[in-house]
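Undergrad: Okay, here's what each chain looks like letter by letter:
Protein chains: 2
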Amino acid sequence: MTADASSPPNVLIIGTGLIGASIGMALRESGVTVWLADTDTDACRLAASRGAGELFDSAKTPDIVVVAVPPHAVPDVAARSLALYPDATVTDVASVKAAPLARLRGLTNDTARFVGGHPMAGREVSGPGGARADLFEDRLWVITGNAGAEPRRVDDVRWLAKKCGSLIVELDAAEHDRAVALTSHTPQILASVLAAQLVSADPSDVAVSGQGLRDATRLADSGPDLWSQIIASNAPEIIAVLDKIGVDLAEIREALAEVSVVPEAELTDAIDPVRRLLERGNDGRRTLPDKHGGAAGEYEIIPVVVDDKPGELARLFAAAGEAGVNLEDVRIEHTVGRLRAIIELDVSPTMAPRLREVLAAGGWQIRG
Amino acid sequence: MTADASSPPNVLIIGTGLIGASIGMALRESGVTVWLADTDTDACRLAASRGAGELFDSAKTPDIVVVAVPPHAVPDVAARSLALYPDATVTDVASVKAAPLARLRGLTNDTARFVGGHPMAGREVSGPGGARADLFEDRLWVITGNAGAEPRRVDDVRWLAKKCGSLIVELDAAEHDRAVALTSHTPQILASVLAAQLVSADPSDVAVSGQGLRDATRLADSGPDLWSQIIASNAPEIIAVLDKIGVDLAEIREALAEVSVVPEAELTDAIDPVRRLLERGNDGRRTLPDKHGGAAGEYEIIPVVVDDKPGELARLFAAAGEAGVNLEDVRIEHTVGRLRAIIELDVSPTMAPRLREVLAAGGWQIRG
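The listed protein sequences correspond, in order, to chains A and B.
So in my numbering, spot 303 of the first sequence is number 323, and the numbers just go up one at a time.
So in my numbering, spot 71 of the second sequence is number 91, and the numbers just go up one at a time.
Bear in mind the hints are in silico, worked out from the structure with no lab data behind them.
Where hints are given, some of them may not hold.
[Stated by the list, open to error] Label pairs and their in silico Cβ distance ranges:
no., chain 1, residue 1, chain 2, residue 2, range
1, A, T128, B, A277, 25 to 35 Å
2, A, E377, B, D241, 25 to 35 Å
3, B, G382, A, E377, 50 to 60 Å
4, B, D245, A, D62, 20 to 30 Å
5, B, A381, A, G168, 49 to 59 Å
6, A, E190, B, A122, 51 to 61 Å
Keep in mind the model is a prediction, meaning the values are calculated, not measured.
Glycine included, every Cβ here is placed at the ideal spot set by N, Cα and C.
With the rest of the complex left out, here is chain A:
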């Protein structure tokens, strides 16, 4: 049974962690019949109790099987599902696509019913206790139909992603893995490597740090068990990015060794590779999609000083709201050792003069 059939397909979710249980909750809210299976029966029961579906009765036959197990278990579980349910569409939710697909093809020839998926959501929490029906709402769900996949199987996974409220992007497995190696896995490694240097640093060194280091290392909070599996599963693509980064870092290191020894007059030339790298970094930032999914906008930053106490932010945002100004982003920077904070308001350049005027009229202290 597929998405275009008259009654909705029945869905079996294998693996009731954060992602599996959240998919179940989203589908149940739409009235879809969902069955849950997990080798961890406690997790399965907890997911069921949270409204993710009913415990699976093996006499039943699912139309769609969602393999929501840890990345390394995906090929085995997908192969078994294809064998057990010869009419079902089988999909997965792992954040790496090519290697598991290759391993699946090593296990079975019956892959025309398999379509990979990667719902791009998740949090630092894990397990069914953190699941929620709206986890995927407005998030990207990458669908990686393999070359031999039947079109109606791809339709089934589109139906699934839409039921969960996601925005669908279709890429092939290799494209997907190349993209996430660059935009997710390598940034994770760099953030962790940078944060790792802090462990052996003199505490007084780390004390002289600010928002820049905090931003640059935020990803280093990720969970080691899941992320080491994700990174390992996409090893070849990540190696390709790391090697490019290695070339750039080696060039910078060479330039830095050079500037330490050249005479003053040759300094500008010696610094040039560093300047060019910084310029390329400026250019790279401009390629990022903005928060609305369009091309990167240029926002103006308006820093406002507020007392660091309840109610002050509300007063500030009320002033912005009354001015009809929409905020693109907000950052709270607590200053060291005092009871005031600097709130950075990002607004479009066209809105900025109006906001400055209204805030000044309201007695707010704007910096700069």
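Given the structure of chain A, go ahead and fit chain B onto it with the hints provided.
TA: Okay, now just chain B, sitting in the frame of chain A:
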């Protein structure tokens, strides 16, 4: 004349960019006599017109000279100032301390009156047009008295930093440079190197990116001219950090090459270096000072869905304020292609239940 004299010292600021002009404005607000000098007479006039001080008359004799020129010009200008004003205390504001001090010692033996300084503030704007009197308020001002500096000269620079509203940290030049290599310069290089990879990437790869990549590359917006000078001036310390990072990256690369070829049964062992790096990254993040300058706090994140339009944030923050809840941080995550945003509110774990309750009662949609 020094800080403990009965009348405040007269201050000459050489270099009227963002930092120099802002120091002038801060001192003028306290009634200190400030003179301004700059080879760029337009910049000097603009700084004076903004209230940073009076144009310098070379018949006058300053008590304190603030050398606020680009990093590479510091030793020359400091040496000339020491020669011209044989009673004055001379300080600088450059973000690198050891190499300029060594070069200064090569130019003059008269360094007992020189005390280095690094006010840790600044923005992406530059020039006197962006200057403001409160730029250094509540910010760290690192004072790096050189080994032979007279104590009363250090007192003069302490007086200067306090007049600007800064919090004083005293480090020696080598300690300072080692600290900023780790916490500022190397993060800058890694962010720029990562962002630089986006330039040659397929646009569809970059489209599949989110807040993680945005955070990890934020520093890559820095200005190439200033930052290439800063990085070049601290080359040896940065090389030391880059080499440690290189060792870690090489180990990760080796592990990734290994996981691509080992049999399934040996995968866990092969991944182990990746997992250990991620664990060290977790540990490193815990060493960061929190926003109030204390040990890192653990905040609870409450994600709230709001319509992406003026006034909504004000309503949300009013609700938090009425509940008496102080917010530690706020992030606005615009979701892709829809007119709603997710606002992440960071609050202390003790405040979180109360905030959840109040928001739920107010009809706000909380995620998770």
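Undergrad: The structure should be examined with respect to each hint, and the outcome stated for every one.
TA: Going through the hints against the structure:
no., hint, verdict
1, A:T128 with B:A277: 25 to 35 Å, "holds (28 Å)"
2, A:E377 with B:D241: 25 to 35 Å, "holds (26 Å)"
3, B:G382 with A:E377: 50 to 60 Å, "violated (30 Å)"
4, B:D245 with A:D62: 20 to 30 Å, "violated (59 Å)"
5, B:A381 with A:G168: 49 to 59 Å, "holds (53 Å)"
6, A:E190 with B:A122: 51 to 61 Å, "holds (59 Å)"
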